[in-house]
Amino acid sequence: MSGVIEEQALELDTDDDGLLDLEELELGTDLNDPDSDNDGLLDGQEVNDHDTDPIDPDTDGDNWDDGDEVELGYDPNDPNDPGFEEE
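One point on numbering: in the numbering used here, the residue at position 26 of the sequence shown is 28, and numbering is uninterrupted.
There may be inaccurate statements among the hints.
[Claimed, not checked] Label-pair distances were calculated between CB atoms; the ranges are:
id, residue 1, residue 2, range
1, Asn79, Asp32, 20 to 28 Å
2, Glu13, Asn65, 34 to 42 Å
3, Asn65, Leu14, 29 to 37 Å
4, Pro81, Asp35, 24 to 32 Å
5, Gly30, Asp70, 20 to 28 Å
6, Asp35, Asp70, 17 to 25 Å
7, Asp58, Thr16, 26 to 34 Å
8, Asp70, Leu29, 35 to 43 Å
9, Asp51, Thr16, 36 to 44 Å
10, Asp58, Leu24, 17 to 25 Å
11, Asn50, Gly75, 13 to 21 Å
Worth flagging that the hints you see were computed from the coordinates, not collected in a lab. Cβ atoms here follow ideal geometry from the backbone N, Cα and C, with glycine treated the same way.
The whole structure should be built from the sequences, with the hints applied where relevant.
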């Protein structure tokens, strides 16, 4: 019986963000907050879809949150996207 419980625990995603709790512990994200860095992307989207940092709201350091860049069709990993250059 304990094997089943252990297997279920390994498959747990407490905050339903697309990352298992075990992955969140490894990455340092908050297992009770689906968007640990509050950038508008779920932690799972950042890791699985966009290759961005789920604990840094601005992965590419261009002063635009990852979620805003994705929403506007820009690459959150490219600090030189059009319209985002620093003045």
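Hints and how they fare:
no.: 1; hint: Asn79 <-> Asp32: 20 to 28 Å; result: holds (22 Å)
no.: 2; hint: Glu13 <-> Asn65: 34 to 42 Å; result: holds (38 Å)
no.: 3; hint: Asn65 <-> Leu14: 29 to 37 Å; result: holds (36 Å)
no.: 4; hint: Pro81 <-> Asp35: 24 to 32 Å; result: holds (26 Å)
no.: 5; hint: Gly30 <-> Asp70: 20 to 28 Å; result: holds (23 Å)
no.: 6; hint: Asp35 <-> Asp70: 17 to 25 Å; result: holds (19 Å)
no.: 7; hint: Asp58 <-> Thr16: 26 to 34 Å; result: violated (22 Å)
no.: 8; hint: Asp70 <-> Leu29: 35 to 43 Å; result: violated (22 Å)
no.: 9; hint: Asp51 <-> Thr16: 36 to 44 Å; result: violated (20 Å)
no.: 10; hint: Asp58 <-> Leu24: 17 to 25 Å; result: holds (21 Å)
no.: 11; hint: Asn50 <-> Gly75: 13 to 21 Å; result: holds (19 Å)
Hints 7, 8 and 9 from the earlier list are contradicted by this structure; the remaining hints agree with it.
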